[in-house]
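The listed protein sequences derive, respectively, from chains R and V. If you read the first sequence in numbering that gives the first Met the number 0, its first letter stands for residue 0, the second for the next number, and so on. If you read the second sequence in numbering that gives the first Met the number 0, its first letter stands for residue 0, the second for the next number, and so on.
Simulated from the structure, these hints should not be mistaken for laboratory data. Accuracy of the hints is not assured; some may be wrong.
20 angstroms max Cα-Cα, derived SDA-like pairs, lysine to any residue [what the hints assert, rightly or not]:
| # | chain 1 | residue 1 | chain 2 | residue 2 |
| --- | --- | --- | --- | --- |
| 1 | V | 96 | R | 19 |
| 2 | R | 92 | V | 126 |
| 3 | R | 92 | V | 80 |
| 4 | R | 92 | V | 29 |
| 5 | R | 22 | V | 73 |
| 6 | R | 107 | V | 122 |
| 7 | R | 122 | R | 32 |
| 8 | R | 107 | V | 28 |
| 9 | R | 22 | R | 92 |
| 10 | V | 96 | R | 171 |
| 11 | V | 96 | R | 43 |
| 12 | R | 92 | V | 125 |
| 13 | R | 43 | R | 274 |
| 14 | V | 96 | R | 22 |
| 15 | V | 89 | R | 11 |
| 16 | R | 107 | V | 9 |
| 17 | R | 22 | V | 29 |
| 18 | V | 89 | R | 18 |
| 19 | R | 92 | V | 81 |
| 20 | R | 22 | V | 118 |
These are the residues of each chain, in order.
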Amino acid sequence: MRPKILLVDDSAIVRSILVNTLKIYDCEIFEAANGVEGLAFATKECPDLIVLDVTMPIMDGIEMLCKLKAHAVLKSVPVLMLTAEGGRENIIKIAKIGVRDYMVKPFKEDVLVQKIGRIIDLKSISEVQIKPKSIFDPAVILIVDDKPLIVSQIQNGLKHTPWQVQSVANAEAALDFCKQEEVDLVMISLSLSDEGAFTLFRQLRSSHKTKYTPIMALVVKTDAAIQQQAQQVGFTFFVTKPIDLVDLEVKAAKAMRLDTSQRYFRTEPDLIVLQLPDNCPTTLITEISDQLKIQVTNAVNAGINQAVFDLLLVRNLDVGHIKLVINSMQICRDLGFEFALVGTGKVVKDSQGYEDTSTWQYFPSVAEARGSFKKNMPPAATEEPAAEPMPAEALAEPVGAWRTSAG
Amino acid sequence: MASIQAIDNGVLDLSIDRAVQAVFRTMIGKPARIVPTLMDPSNYTVKLEQIHVVGTAGVVGDLTGLIYLYFSQPLAEYCASRMLGLSLLKIASTGEKVVNEVVGELTNMTLGTFKNQLVELGLPCRLTLPTVQRGVYVQTRPSRAHRPPLLPV
Chain R
0 MRPKILLVDD SAIVRSILVN TLKIYDCEIF EAANGVEGLA FATKECPDLI
50 VLDVTMPIMD GIEMLCKLKA HAVLKSVPVL MLTAEGGREN IIKIAKIGVR
100 DYMVKPFKED VLVQKIGRII DLKSISEVQI KPKSIFDPAV ILIVDDKPLI
150 VSQIQNGLKH TPWQVQSVAN AEAALDFCKQ EEVDLVMISL SLSDEGAFTL
200 FRQLRSSHKT KYTPIMALVV KTDAAIQQQA QQVGFTFFVT KPIDLVDLEV
250 KAAKAMRLDT SQRYFRTEPD LIVLQLPDNC PTTLITEISD QLKIQVTNAV
300 NAGINQAVFD LLLVRNLDVG HIKLVINSMQ ICRDLGFEFA LVGTGKVVKD
350 SQGYEDTSTW QYFPSVAEAR GSFKKNMPPA ATEEPAAEPM PAEALAEPVG
400 AWRTSAG
Chain V
0 MASIQAIDNG VLDLSIDRAV QAVFRTMIGK PARIVPTLMD PSNYTVKLEQ
50 IHVVGTAGVV GDLTGLIYLY FSQPLAEYCA SRMLGLSLLK IASTGEKVVN
100 EVVGELTNMT LGTFKNQLVE LGLPCRLTLP TVQRGVYVQT RPSRAHRPPL
150 LPV
């Protein structure tokens, strides 16, 4: 796991220098401009090191340091103080509160790296081969919940994934499991008795083995107070009950930092294809839209400037799909991409039922959509595909006929 | 007040010189030298006829005062370029904000280093937050102080 470094300094210039200095190392960097922001990041990310400025507005470094030392989980996070105000008295004052080291500004970048290297294992990026895990890679998920129905609901909902979903009913069993197995994600029910979820969270975070393991909370949708408490403690994501399984899967993948792009995108020699899933909740729209920007940018770099939005898996077109397609169209327009839609007869019909989508025209297959792009023409500026979309009479044809014609 | 009287201008000059040297050597990677005066001695006024970026910060305590660091626009951009590792062209295209922030930070560091020396000399004091101004005609009219402003080059 990459070490996390939190930089807390009100000077954007100093933060920029620190980021530039550390960017050649394999670490995750978070930035905060004052103590309040710093504490929020520290709670959420539980960093391995905090580089902390002293003089800052809103909450200064000394106050933040005191709050860190009073925090059950964060008190053990090493702090490297960075200050323009040296002097023996200042240093002694800071040391008494508890810092691992300090540096007085102005500072040499290499000295800073040396000091950081003494506190955390800092490896240069070239030393580390980073291959992000994909959505198709196996992973172990541990559910900590004493309600068998919830457990089986999740296990069934994730059956189609390569993930191994295990369950235990209490915190003790969870800790035993985590000692013996490499766990990629823990889902804890916040309804465990005696605030067991929070105790377990702290125990997992204080263990070397699970310090970085993402932890999600399972919580009843209406229980806002406990959600807030869990957020403050630092749970990575929340899944509300009743469980939306698509939402759960998206959040689980995000928590495990899996590359999900292969599920929705494929790049062909001359175009990229975005395949929309049948169910399209808000979390998925955001995720796919974010990925689309990256995919389209990569495609532009590779000399591709055509995209197909494939809705063949969509049984019923809903607002989620429409939002996603509109977002995608905008991204393509911004980058000068030509695009075309592919969909079933049912989708075409659904499309005509919405004001925003009534003019959308679909091709029955990716091959036909590809054929519609005029070669060597400047990118189209309209939403409609370039040539001969699906004929109106095709609306009467069964969906299967179009699928057969897909190339 | 007794301690202030005990320190002479030579010591202050040396402390300021050391602070400027240390900050510019460390952060910019270049030596700096102090230009003794830009002040009109008849009215203690500094008048500049080209765009300058001026960083100001003060110390408050046993010794109280302000220090002004005057950067010509090209010098300020050069410092920003060195500190951020960006080309001068890139710095010029990012606008005034980045350059101002760099001048503010250099001022803060210089004052911090100066203040640390004062503390070692038995003059405890605190720093004020730096401010940055820029303009073609920058005039500084000290009310009582008799210290010349500094221009690192």
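Okay, the hints, checked on the actual structure:
For the suggested pair residue 96(V) and residue 19(R), the alpha carbons sit about 19 angstroms apart, so the restraint of at most 20 angstroms is met. Restraint check: the Cα-Cα separation between residue 92(R) and residue 126(V) comes to about 17 angstroms, which is no more than 20 angstroms; the hinted pair holds. At most 20 angstroms may separate the alpha-carbon atoms for a hinted pair to count; residue 92(R) and residue 80(V) exceed this at roughly 35 angstroms. A hinted pair counts as satisfied when its Cα atoms are at most 20 angstroms apart, and residue 92(R) with residue 29(V) does not qualify at roughly 33 angstroms.
Distance restraint check for residue 22(R) and residue 73(V): the Cα-Cα separation of roughly 28 angstroms exceeds the 20 angstroms cut-off, and the hinted pair is therefore not satisfied. As the CA atoms of residue 107(R) and residue 122(V) are separated by approximately 27 angstroms, the hinted pair breaks the 20 angstroms bound. Straight-line distance between C-alpha atoms of residue 122(R) and residue 32(R) comes to about 26 angstroms, which puts the hinted pair past the 20 angstroms bound. The suggested pairing of residue 107(R) with residue 28(V) holds, with an alpha-carbon distance near 10 angstroms, which does not exceed 20 angstroms.
Of the supplied pair hints, the one linking residue 22(R) and residue 92(R) is violated, its CA atoms being roughly 31 angstroms apart against a limit of 20 angstroms. Of the supplied pair hints, the one linking residue 96(V) and residue 171(R) is violated, its CA atoms being roughly 54 angstroms apart against a limit of 20 angstroms. Between residue 96(V) and residue 43(R) the alpha-carbon distance is near 31 angstroms, which puts this suggested pair outside the 20 angstroms criterion. Note on residue 92(R) and residue 125(V): the hinted pairing holds, with a Cα-Cα distance of about 15 angstroms set against a maximum of 20 angstroms.
Taken as a hint, the residue 43(R) and residue 274(R) pair is broken in the structure, with Cα atoms around 33 angstroms apart against an allowance of 20 angstroms. Under the criterion of a C-alpha separation no larger than 20 angstroms, the hint pairing residue 96(V) with residue 22(R) is inconsistent with the structure, at around 23 angstroms. This hinted pair checks out: residue 89(V) and residue 11(R) have alpha carbons roughly 17 angstroms apart, not beyond 20 angstroms. Of the supplied pair hints, the one linking residue 107(R) and residue 9(V) is violated, its CA atoms being roughly 29 angstroms apart against a limit of 20 angstroms.
Between residue 22(R) and residue 29(V), the direct Cα distance comes to roughly 24 angstroms. Violation of the 20 angstroms bound is thereby established for this hinted pair. A distance of roughly 18 angstroms separates the Cα atoms of residue 89(V) and residue 18(R); the hinted pair therefore holds under the 20 angstroms criterion. Distance restraint check for residue 92(R) and residue 81(V): the Cα-Cα separation of roughly 33 angstroms exceeds the 20 angstroms cut-off, and the hinted pair is therefore not satisfied. For the proposed pair residue 22(R) and residue 118(V), the alpha carbon gap of about 36 angstroms is over 20 angstroms, so the pair is violated.
The structure fails hints 3, 4, 5, 6, 7, 9, 10, 11, 13, 14, 16, 17, 19, 20 (numbered hints given earlier, in ascending order).
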